[in-house]
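> This is what each chain is made of:
2 protein chains.
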Amino acid sequence: MSSRDEKKRQTRQALMNAALELVGRGENFSSVSLREVAKTAGVVPTSFYRHFQDMEELGLNLADEFGMMLRRLMRATRQDKNSIDDQIRNSVEVFVHYVANHRTLFIFMSQCRTGGTPALRNAIRNELRYFGNELVTDIRASGLLPEVDLPDMEMIADLIVVAVADAATRVLDLPEGNQAHLNSLIEHTIKQIRLIFLGATLWKSKEA
Amino acid sequence: MSSRDEKKRQTRQALMNAALELVGRGENFSSVSLREVAKTAGVVPTSFYRHFQDMEELGLNLADEFGMMLRRLMRATRQDKNSIDDQIRNSVEVFVHYVANHRTLFIFMSQCRTGGTPALRNAIRNELRYFGNELVTDIRASGLLPEVDLPDMEMIADLIVVAVADAATRVLDLPEGNQAHLNSLIEHTIKQIRLIFLGATLWKSKEA
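So the sequence lines, in the order shown, correspond to chains A and B.
Here the first sequence stands for residues 2 to 209, where the numbers follow this note's numbering.
Here the second sequence stands for residues 2 to 209, where the numbers follow this note's numbering.
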């Protein structure tokens, strides 16, 4: 990469980080202005347009970043060859701590999942759907739910994604560094996912 | 009520409706300005302050309205003395159609549940918690889950609330008036709640 390209990449990343920083300070992404982002990144507003068309395009790039992070996280937990209960516990623990350590990206996700522009909502929704599809692949490969057909497997994976996304939102509302609250949220979420799996083992798609 | 009080009440309601109207047009509540709300309601900005301190206070009043609506909705569905499967079906059908007919209030709820100010998030969270508590009361009264203790009953009700709140968010992303999409969302949500109940019938709090 030429030093000019490298400089361009750095400014681009600085703008994305600036948006996350403002979100981390309590602003809603949808009300963060391009001007504020440029100022926080230490560049002039016109320089913003050399990298992104508008704030929505910056947001879509953050959604990509969120997706990549989610994929790395999934790879890190899916090597697990333990019992299903242990797998649930490990995954939830890893996930909740991950959220606690990457607050601003998850605040952005949480805000835009329900309150972003249609394009942003859709991008976040797609990343979560990808997560759900990976879950479906893993559950099918495990052979744990032989009486569940593919549409119902997706319905179950979707419920798990919703529960996990809600857990992420709650992590973000906890005072930072409060380990006791974090642990109780982890136990709460583990129970919910175990309950879903318990229901799933009884689920017979043919009769549903 | 004196005609002056009545006039005051009307302006107050007009301001709240104006905020919902702007949200319905695609704006995020957190970026709607006091000035825009006053303009949409047809009053001067200074008049806003005779009713609300700021946009957050207006939002908190909308959260109250959301809560009242949720309570009316619950009363309407809980008279049901049918089988649990029928009760789930009826409640989900009533709820989804209700959301489709009160889009702007639910868009507001959905945005503020994850993206509002801390006070607003908390107000919405409390309304949803109230809904969860009512669910716990109903399930306990039904005697359906004798092996589930109170904390686990709350964990289960919470999962139902999360699934239902997510269904509401999805209704809002559907093109208006698309009955086929609405029906498929209804069936999806019914399956998820039935799965949760299925898991709950197997759940033994003592072993959990």
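Rather than coming from a laboratory, the hints here were simulated on the basis of the structure.
Hints are supplied without guarantee of correctness; some may be wrong.
Said to hold, decoys possible - To spell it out: a stretch of chain A is covered by chain B in this simulated footprint if at least three of its residues, at any positions, have a beta carbon under 8 Å from a beta carbon of chain B; those stretches are:
no.	region
1	154–167
2	192–198
Claimed, not checked - In silico DSSO-like pairs for lysine-lysine, Cα to Cα no more than 30 Å straight-line:
no.	chain 1	residue 1	chain 2	residue 2
3	B	Lys9	B	Lys40
4	B	Lys40	B	Lys8
5	A	Lys40	A	Lys9
6	B	Lys207	A	Lys205
7	A	Lys8	A	Lys40
8	B	Lys205	A	Lys205
9	B	Lys205	A	Lys207
As the list claims (entries may be wrong) - A short list of chain B residues far from chain A (calculated; beta carbon distances all over 10 Å):
no.	residue
10	Glu22
11	His103
12	Gln112
13	Gly200
None of these values were measured; they are calculated from a predicted model.
Glycine is no exception: its CB is placed at the ideal position from the N, C-alpha and C atoms.
> The structure should be examined with respect to each hint, and the outcome stated for every one.
Structure-based check of all given hints:
Residues of the region 154–167 of chain A with a Cβ under 8 Å from some Cβ of chain B number 7, which satisfies the need for three, so the listed coverage holds. Residues of the region 192–198 of chain A lying with their CB closer than 8 Å to a CB of chain B number 6, which satisfies the three-residue condition for coverage. Between Lys9 of chain B and Lys40 of chain B, the direct Cα distance comes to roughly 17 Å. Compliance with the 30 Å bound is thereby established for this hinted pair. Between Lys40 of chain B and Lys8 of chain B the alpha-carbon distance is near 17 Å, which keeps this suggested pair within the 30 Å criterion.
For the given pair, Lys40 of chain A sits about 17 Å from Lys9 of chain A by alpha-carbon distance, which is consistent with the 30 Å threshold. Distance check on the hinted pair: Lys207 of chain B and Lys205 of chain A sit about 27 Å apart at the alpha-carbon level, within 30 Å; holds. Straight-line distance between C-alpha atoms of Lys8 of chain A and Lys40 of chain A comes to about 17 Å, which keeps the hinted pair within the 30 Å bound. The straight-line distance between the Cα atoms of Lys205 of chain B and Lys205 of chain A is roughly 21 Å, inside the 30 Å bound, and the hint therefore holds.
At roughly 27 Å between alpha-carbon atoms, Lys205 of chain B and Lys207 of chain A fall within 30 Å of each other, so this suggested pair holds. For Glu22 of chain B, the shortest C-beta to C-beta distance to chain A comes to about 17 Å, beyond the 10 Å cut-off, and the non-interface label holds. With a least CB separation of 16 Å from chain A, His103 of chain B remains clear of the 10 Å interface cut-off, as annotated. Listed as outside the interface, Gln112 of chain B is inconsistent with that label: its C-beta sits roughly 4 Å from the nearest C-beta of chain A, within the 10 Å cut-off.
Listed as outside the interface, Gly200 of chain B is inconsistent with that label: its C-beta sits roughly 3 Å from the nearest C-beta of chain A, within the 10 Å cut-off.
In summary, the numbered hints that this structure violates are 12 and 13.
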